[in-house]
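> Per UniProt numbering, the sequence shown starts with residue 1, numbered consecutively.
Think of the hints as simulated: they come from the structure by calculation, not from any bench. Some hints here could point you the wrong way.
Claimed, not checked - Computed Cβ-Cβ distance ranges for the label pairs, DEER-style:
{"#": "1", "residue 1": "Asn9", "residue 2": "Arg74", "range": "20 to 26 angstroms"}
{"#": "2", "residue 1": "Phe43", "residue 2": "Ser107", "range": "20 to 26 angstroms"}
{"#": "3", "residue 1": "Ser56", "residue 2": "Gly95", "range": "34 to 40 angstroms"}
{"#": "4", "residue 1": "Gly54", "residue 2": "Ala114", "range": "24 to 30 angstroms"}
{"#": "5", "residue 1": "Gln78", "residue 2": "Asp26", "range": "17 to 23 angstroms"}
{"#": "6", "residue 1": "Asp22", "residue 2": "Met106", "range": "22 to 28 angstroms"}
{"#": "7", "residue 1": "His19", "residue 2": "Phe43", "range": "21 to 27 angstroms"}
{"#": "8", "residue 1": "Gly113", "residue 2": "Ser92", "range": "31 to 37 angstroms"}
{"#": "9", "residue 1": "Pro11", "residue 2": "Gly95", "range": "27 to 33 angstroms"}
All values reported here derive from a predicted model rather than from experimental measurement. Here a beta-carbon is modelled for each residue, glycine too, at the ideal position from N, C-alpha and C.
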Amino acid sequence: MSTITPVPNCPPRLVRVLHYIDAHLDEPLDLTSLASRAHFSPFHFHRLFRQSVGISPGDYVQRRRLERAARQLREEPQRPVLEIALGNGYQSQGGFNRAFRRLFGMSTKQWRGAIAA
Numbered sequence: 001m002s003t004i005t006p007v008p009n010c011p012p013r014l015v016r017v018l019h020y021i022d023a024h025l026d027e028p029l030d031l032t033s034l035a036s037r038a039h040f041s042p043f044h045f046h047r048l049f050r051q052s053v054g055i056s057p058g059d060y061v062q063r064r065r066l067e068r069a070a071r072q073l074r075e076e077p078q079r080p081v082l083e084i085a086l087g088n089g090y091q092s093q094g095g096f097n098r099a100f101r102r103l104f105g106m107s108t109k110q111w112r113g114a115i116a117a
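Put together the whole structure using the sequences plus the hints.
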């Protein structure tokens, strides 16, 4: 699984937000609250985040949630997909399944099957 790393000159305030995101993936994380945490306006935060990380804050949050969920699907094969979806900030299993398929190119069932094989 890929991880997203900031460029070497990533501002310290942005690095703190990246750590905050990773520690709070199961909570709502919106642009305004993340920008506020970094003491930037939402516009400036979005621009700086994209410039430093390479993708938007929303895409970063979604990718980190899905990467963590993929690990959980692999490490906890008996755990229900709905429980994993809800525990990673998704409101429904359907939305989670669509996002998972977009990122990994397969369904959660196929992912678990590939891991088991």
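> Confirm or reject each hint.
Taking the hints in turn, this is what the structure says about them:
1. Asn9 x Arg74: 20 to 26 angstroms: For arginine 74 against asparagine 9, whose Cβ atoms are near 34 angstroms apart, the range 20 to 26 angstroms is violated.
2. Phe43 x Ser107: 20 to 26 angstroms: violated (37 angstroms)
3. Ser56 x Gly95: 34 to 40 angstroms: For glycine 95 against serine 56, whose Cβ atoms are near 18 angstroms apart, the range 34 to 40 angstroms is violated.
4. Gly54 x Ala114: 24 to 30 angstroms: holds (27 angstroms)
5. Gln78 x Asp26: 17 to 23 angstroms: holds (20 angstroms)
6. Asp22 x Met106: 22 to 28 angstroms: holds (24 angstroms)
7. His19 x Phe43: 21 to 27 angstroms: holds (23 angstroms)
8. Gly113 x Ser92: 31 to 37 angstroms: violated (22 angstroms)
9. Pro11 x Gly95: 27 to 33 angstroms: holds (32 angstroms)
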